[in-house]
Every structure is written in C-alpha cells, then in structure tokens.
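Asks: Spelled out, the chains give:
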Amino acid sequence: MSNWLQNMPTAEAYGLNKVLFELHHKPDDLAAYLGDKEAYLDRFALTGRARAAIRDNDVAALYLAGANPYLLRAHCIGIKIPEPVSVGALKALAGKN
Amino acid sequence: MSNWLQNMPTAEAYGLNKVLFELHHKPDDLAAYLGDKEAYLDRFALTGRARAAIRDNDVAALYLAGANPYLLRAHCIGIKIPEPVSVGALKALAGKN
Amino acid sequence: MAEIVAIHAASHTPVMLNFPDAIAASEREEIFAGFRAMGAAIAAARPQALIVLSDDHVHNFFLNNLPALCIGAAPQYPTPVEHWLKAEKRILPGDAALGAYLLSRLMESDFDPALSMELTLDHGVLAPLELAGVARDIPLVPILINCVQPPLPTMRRCHAFGVALGRALRTYPALERVAILATGGISHDLATPRMGMVNEAFDREFLRLLEAGDAAGVVKYSTEHVHEAGNGAEEIRMWLAAMGAADGAHFHRHYYRAVPNWYTGIGIGEWKA
Amino acid sequence: MAEIVAIHAASHTPVMLNFPDAIAASEREEIFAGFRAMGAAIAAARPQALIVLSDDHVHNFFLNNLPALCIGAAPQYPTPVEHWLKAEKRILPGDAALGAYLLSRLMESDFDPALSMELTLDHGVLAPLELAGVARDIPLVPILINCVQPPLPTMRRCHAFGVALGRALRTYPALERVAILATGGISHDLATPRMGMVNEAFDREFLRLLEAGDAAGVVKYSTEHVHEAGNGAEEIRMWLAAMGAADGAHFHRHYYRAVPNWYTGIGIGEWKA
Ligand SMILES: [Fe+3]
Ligand SMILES: [Fe+3]
Chain A
19 MSNWLQNMPT AEAYGLNKVL FELHHKPDDL AAYLGDKEAY LDRFALTGRA RAAIRDNDVA
79 ALYLAGANPY LLRAHCIGIK IPEPVSVGAL KALAGKN
Chain B
19 MSNWLQNMPT AEAYGLNKVL FELHHKPDDL AAYLGDKEAY LDRFALTGRA RAAIRDNDVA
79 ALYLAGANPY LLRAHCIGIK IPEPVSVGAL KALAGKN
Chain C
4 MAEIVAIHAA SHTPVMLNFP DAIAASEREE IFAGFRAMGA AIAAARPQAL IVLSDDHVHN
64 FFLNNLPALC IGAAPQYPTP VEHWLKAEKR ILPGDAALGA YLLSRLMESD FDPALSMELT
124 LDHGVLAPLE LAGVARDIPL VPILINCVQP PLPTMRRCHA FGVALGRALR TYPALERVAI
184 LATGGISHDL ATPRMGMVNE AFDREFLRLL EAGDAAGVVK YSTEHVHEAG NGAEEIRMWL
244 AAMGAADGAH FHRHYYRAVP NWYTGIGIGE WKA
Chain D
4 MAEIVAIHAA SHTPVMLNFP DAIAASEREE IFAGFRAMGA AIAAARPQAL IVLSDDHVHN
64 FFLNNLPALC IGAAPQYPTP VEHWLKAEKR ILPGDAALGA YLLSRLMESD FDPALSMELT
124 LDHGVLAPLE LAGVARDIPL VPILINCVQP PLPTMRRCHA FGVALGRALR TYPALERVAI
184 LATGGISHDL ATPRMGMVNE AFDREFLRLL EAGDAAGVVK YSTEHVHEAG NGAEEIRMWL
244 AAMGAADGAH FHRHYYRAVP NWYTGIGIGE WKA
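Residue numbers (the numbering used here), protein chains in the order written: chain A, 19 to 115; chain B, 19 to 115; chain C, 4 to 276; chain D, 4 to 276.
Source of the hints: derived by calculation from the structure; they are not laboratory data. Being a predicted model, the structure only gives us computed values, none of them experimental. Watch out, some of these pointers could steer you wrong.
What the hints assert, rightly or not - Okay, derived cross-link-like pairs now, EDC-like style, lysine to aspartate or glutamate, Cα gap no bigger than 16 Å in a straight line: (1) 223/C x 111/D; (2) 36/A x 60/A; (3) 275/C x 250/C; (4) 36/A x 47/A; (5) 55/B x 74/B; (6) 98/A x 74/A; (7) 223/D x 111/C; (8) 36/A x 121/D; (9) 55/B x 40/B; (10) 275/C x 6/C; (11) 275/D x 250/D; (12) 36/B x 121/C.
The following block holds chain A by itself, in its conformation from the complex:
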C-alpha cells in the first residue's frame, strides 16, 4: 500500500500535470480551454491517453495516468465536475489496482 501511484512522475504524468497546473494558474487559460478544448490541448506535448483523459473529464483515467492529487482535485473543482461524479469515479477503482 502506498499513498502514491508513482514515486516519481513519468514523462506522461509531467505533461498531464502541466496542463492541469497551467489551466488553473494562468489567467485566461481556463477560458481558452473551455472555449476550445482541442486547440488548448494542442499547446502541450501529451500522450494520446493523457490527452483523452483530460478532454473526456475521465477522472479515473487522470488518476491512473499519474495526475497529482492536488492538481486533480483542483481541476475537478475548477471545471465543475460534480463531487459525486469525481469521487465516484475514483472510488470505483478501489481494489482494482
């Protein structure tokens, strides 16, 4: 049992986390993202899996790809994924990995 899926972020996780960080810490980024997700994501070097997880608001996939928990939590709040959906998606993973 570990508090962390990754003891060190993978390169994929780095890219994914960078999107979450910039999206919520740079003025205008959130508006740009909500306006045109695909165009916004084109700014970053992302694996196909990471890109799809962000685009689809797939909280479980974001977690499994190494999203930092604080960035993931802030992202769920920031883009207004309802709490039962985000927490439910995570809890559904329990015992599976």
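With chain A held as given, fit chains B, C and D with the ligands onto it using these hints.
Replies: Showing chains B, C and D with the ligands alone in chain A's frame:
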C-alpha cells in the same frame, strides 16, 4: 571585499530583478518594453529609484540597487547597451563603494 | 536572542472554510473553538514573528522546480492563491529579515532550502490562521515542506530540519519573541480511490507518540505507517519539524476528532516547556 | 552497480561561443584543443550517462523559487535558453531515470535538492559540451548548484554533496558506466566594477590544492578567498562537488590560462584513480 553588494536581495532589488527577468524571459515583453517603457514598468511594483535606473539605462544605478549580475549583464546585451558604456559605467564606480 | 514563546500544530483543509456546514453544528463549533483557543494562546504569547510550517499544494511550485524545503523571505504575502477558496483576498505581513536569517543559518547548518521572495499563500497557511483569528497581525515567515508530490523529504529529515530551525531561531538577535505554527494532516486522502478515508487509529497513535515525547519513535511510526493514513497524511512532516524545534518541550494534545465529512482527522496541540 | 568512469571539470563562459575571436588565434586553438581532448577522454570512457554539474544563470530559476541544489529528471533538455548565445538550438537527451534515482538517494542521504522535470539548459551546460564535441550523444543528468545569487550553499556543503552524489552513483543498479562533468569558474567577475578581472594567483592556488588532494584545504581556501576572485568564481562549487564525487581519486590539471579578454580563468582538469 565581497563578491556581492547584498547578501540577500532587498525588496527593492527583488522588484528590479523581476523586471529584468521577465523582460528577457517572456515572449513579447521586450517588444512591449521597447514600445512603451513607462507603460511596461507600470506593471511592476518598483521604487522610484529602481524605476528610474531601468528607464534611464543607468547601469551603475542598477548595480548599486542590487541588480543580479547575470540579469544585469543579460539586460545590457538584450537592450543593446554598448559594451564600453555598460562596463565603463561599472568601472567608474571602482573604489567609490 | 529570540525565545520561542509558543509552538502549536493544527490540521488544515480547505473544506473547513468552503463547506463548514458539511458537519453537525456542535462538532463544528467544538473545532472552531479549538482553533480560537489556539489563536488566543498565540496572541497571549505576544510573538513578534510567526513561523508557519506548511506545504504548497502545487500552486506556487510545479514539477519544473519543486523544492523539498522552501523558506519565504518577503515583506508581504498575498493570499489565498485558490480562486475557489472561501476567504477574503488580502495581504499578510511578512518578516523578510527573519526569513533571510533562517535561510542563511539553515544553509550553514547543512540544509538546502530554496529561497522565495514572492509567494501567494494557499489554504495550508491561511485556513488555520483564519480560524485562529491571528491572520492579520503577526509578521509571518512561511516555511514550505514538500508533502504533496514525491519524491518527498524523509520524515527523519523533516524532524532534523525542525531541530536546526529551533536552534537558528533561538540565536536570532533582532527579535525577542517568536512563535511557530505547524499546519497539515493528520490522516486524510485526496483524489484517490481512498478519498474521504480518515484513519483514526493512525491519528491517535501519532498523537500519543508525540505526547510520549519519543522523537525517534514518532519518526519511525510516521515513516512506516503514513501510507495507511492517506496522501494528505504526508503533511505530518510539519508536526515532526515542530517537534524538532520544540527541543524536548512536552506536547499537549488539545483536540482530536475524526471528521470524515471534512475528509480529515482534525488535531490541535501545543508544545510547552 | 555503476562505475564512475570519468570525472572532468572545465571553465565555462558564453564568450567562448559568442566572441571566440576576442583572443589571439593561438590561445584560442590551445583552449579549444583542451576542450576537444576532454571530450575525447569522456567519449573514450564510454559512459552511458553524463552528470553535468553546473549552475543556472537566472534563466530557469528566479528569486520566487531559487533552489540551492536542483537535480534534473527529464527525458530531454532543450538548449540554449539564451536567445543571444551563438549556438544551434537543439534538444539534448536526458536520463530521467538516473535523475530520479539520484534525487531519491540524495534525499535519503540528508540533502534537500529540488526536482526539475523541465529545464532549458543555458551556456553553463552547453558551452563546454559543445566545445568538447559530446553535446549530442550521451544522456544527461543536469545538477544545478546555486552560484549566482546569495544566499549560496556553503563550499563545505557543495563538497559534501559531491561525496553523497558519488556514493549514490556507485550504487545505481541500472547502468554500468557513468561520467561527471563539472563546469564553471574559475576566477571571473561579471557586471560589477571588477568586471573583467581574472585572479590568476587565486586560480593557480585553487588548482594546486586540488592536485594536492587536500579536500579540507580546498574547502577552506575556497571559502576564505572566493571573494578575491570575483562573483563568477563562486562557480568553483561545481569543482568542489566533483572532487567530493571523486572519492580520493587524484586530480590532474590539464590546462590553465588566464584569459582576460574572455573575462575568465580557463581551467581544465580530471580526477583519475
Ligand atoms: Fe494540506
Ligand atoms: Fe557561469
């Protein structure tokens, strides 16, 4: 004798160095500065002395106010202050402080 | 030479500001009273500066430059950085000179803290200060320990950092009275399949070991069991640092309650000679 | 377990790329030959990864988060960050796994390095690699020591960091052959009234002490005399770290010349068992 005027940057030096850092590390900042110095400097919290030193390309005053040497050097290169002018202004201080 | 006139520790969570009503009024009032008592004790000790040991929740720092330890040395700190935190935007006073002194002294003592002259503080610092009612008055030195993204500093190292911090504070010539507030933990978990878990057994044993005053035991227990208490429990590093700074003073647990609806075990305590 | 198959140190300056013609052709060719010989020795040692000990010249890091020590753990590093540096823009390969390992091991060994997974390297790393002709081939782990803005890590600490770095490298299970290149210094000064000063006496004594193999003496001399050698001389910290990693291997000075028109004392040397 010390390699450093300040063992820790003052708050004034922080503001001054922030201008030099942003100016040469953010795309568009140098163009904005060269286009309208006063408007660009309005973005920052600067003492009157630090603001004047930057605005007037006063290399000696920038040094005395605590400009980091690497940022000061890069600034002199970046805004094309001729080497004899920048180095001359510094050398004229020798023995004075 | 400065005296460390108060050393407190308390849990933090944004939920205590954002969704106070997620728990029963009686529980909430009990907890808020605990924070107010802590604030009153800090104020009564009349510190001229307050060291806040906390963590940055990936707001000021990212993976391009993630410090294990960072000491603030700014004259002021805007807060909160979270646009979604229910707290008034304002600017807290900082003690830049004390921050600078601690940086130099801790570097001489074989620690490698990063310097920050500009931080926008997050709920980790703000929420406990806010609830304690001492957010505006005392100049701060924020010291941020990475608890949020591995690789994390070891529990042993965080305790040793606190020991060195206490020594450095006691030799500071420019003030007479300083205080320390450690914030974070205890058990909680965030954005994983265990989200919402509170490990009350872990929390009670952790607090018991603190009260027993067994530093090596606390470090060992923390190292071996933190993964049973959730990723938020990594924040016990701040409690270990405070214990180190306390230099053998006795820990008094003032409050504990497992608060699953706030996603956190809420502990409050104090080291007193 | 990895063997450290080569440990070299060399001065760096952007001038060696930007204004090579500022000195006589004969001097320049002598210096460039020294760098080429170093590159040939590194290549001949066939390292699978190269640790580059250098400093960030306030490009990646600013005073809002200025690490004393930072270890890179990225799969690649764009370079150069300076738009004004006369060097081809390209992307150097990184060994992220080795960087991650060193971070963890050094944190366990009571060091507090910052993590970086994204750095755009500057002339401090690039210029010596470029002149040595080994910039493209060997995966890098950049390790950046703050030499550019006080408060700076102590000379003693930088030597101890090197000792721990050497130990960590030698226990790395995933590679067999690693090398170290330390870059910076020796005496020079930048953007002060002493700009252009080269303190040849300092440089020669520093190199003599390295050859004498007296670690405590090198640390003491560096601490006591660095201010006579200019703010750029603070970069001898990288040489001290390399000496620490060399674990008693003998230092051989391969080249030295005071080069005032390049604003720098140019030294090149190597630790060999
Ligand atoms: Fe927290
Ligand atoms: Fe340099």
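Asks: Hint by hint, note whether the structure agrees.
Replies: The hints, checked one at a time:
no.: 1; hint: 223/C x 111/D; result: holds (14 Å)
no.: 2; hint: 36/A x 60/A; result: holds (13 Å)
no.: 3; hint: 275/C x 250/C; result: holds (10 Å)
no.: 4; hint: 36/A x 47/A; result: holds (12 Å)
no.: 5; hint: 55/B x 74/B; result: holds (10 Å)
no.: 6; hint: 98/A x 74/A; result: holds (13 Å)
no.: 7; hint: 223/D x 111/C; result: holds (14 Å)
no.: 8; hint: 36/A x 121/D; result: holds (10 Å)
no.: 9; hint: 55/B x 40/B; result: holds (14 Å)
no.: 10; hint: 275/C x 6/C; result: holds (13 Å)
no.: 11; hint: 275/D x 250/D; result: holds (10 Å)
no.: 12; hint: 36/B x 121/C; result: holds (10 Å)
Checked against the numbered hints listed earlier, the structure breaks none of them; every hint is satisfied.
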